[in-house]
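Next come the chains, spelled out residue by residue.
Number of protein chains: 2
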Amino acid sequence: MITEKIGNRIRELRNQTGLSQEKFAQKIGMDRTYFASVELGKRNISIVNLEKIAVGLEISLSELFENI
Amino acid sequence: MITEKIGNRIRELRNQTGLSQEKFAQKIGMDRTYFASVELGKRNISIVNLEKIAVGLEISLSELFENI
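Line by line, the protein sequences are chains A and B. Numbered per the working numbering, the first sequence spans residues 1 to 68. Numbered per the working numbering, the second sequence spans residues 1 to 68.
The following block holds chain A by itself, in its conformation from the complex:
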């Protein structure tokens, strides 16, 4: 499922930043439990929240979707 694919991709990229879920969620102003559920593929995340995550990862949305 696409929600799982993007969740795994976000986790992989967030791990590369060296930040914990909590620190990353804090950095982008997102609720930690919501962010955790996104990484688990349990949320049909919106474009506005995807953009927040891409900004936090310092990559483009196109890069966020690479290999998906």
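I should point out that these hints are in silico values taken from the structure, not numbers from a laboratory. Some hints here could point you the wrong way.
[Stated by the list, open to error] Partial chain B-side listing against chain A, Cβ under 8 angstroms, derived:
1) Ile-2
2) Thr-3
3) Ile-6
4) Asn-44
5) Ile-45
6) Ser-46
7) Ile-47
8) Val-48
9) Leu-50
10) Glu-51
11) Ser-60
12) Leu-61
13) Ser-62
14) Glu-66
15) Ile-68
The beta-carbon is built from N, C-alpha and C at its ideal position, and this holds for glycine as well.
Start from chain A and add chain B according to the hints.
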């Protein structure tokens, strides 16, 4: 705003297919008025619906977000 950027990008790509909003929405099983509002940047569209649109355009999500 990101919703407007993606709406414009979708419109540009959908126009390249030669399909009207109505025909394209029909092709991907999306409500025509909802799809029209996405192109106008009025919807915080979700990943599941973005994937439907990318499939209908026969491109990857990464390509959908190019130049955004």
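Results for each hint:
no.: 1; hint: Ile-2; result: 5 angstroms, holds
no.: 2; hint: Thr-3; result: 6 angstroms, holds
no.: 3; hint: Ile-6; result: 6 angstroms, holds
no.: 4; hint: Asn-44; result: 4 angstroms, holds
no.: 5; hint: Ile-45; result: 5 angstroms, holds
no.: 6; hint: Ser-46; result: 4 angstroms, holds
no.: 7; hint: Ile-47; result: 5 angstroms, holds
no.: 8; hint: Val-48; result: 5 angstroms, holds
no.: 9; hint: Leu-50; result: 7 angstroms, holds
no.: 10; hint: Glu-51; result: 5 angstroms, holds
no.: 11; hint: Ser-60; result: 7 angstroms, holds
no.: 12; hint: Leu-61; result: 4 angstroms, holds
no.: 13; hint: Ser-62; result: 4 angstroms, holds
no.: 14; hint: Glu-66; result: 5 angstroms, holds
no.: 15; hint: Ile-68; result: 6 angstroms, holds
No hint from the list above goes unmet by this structure.
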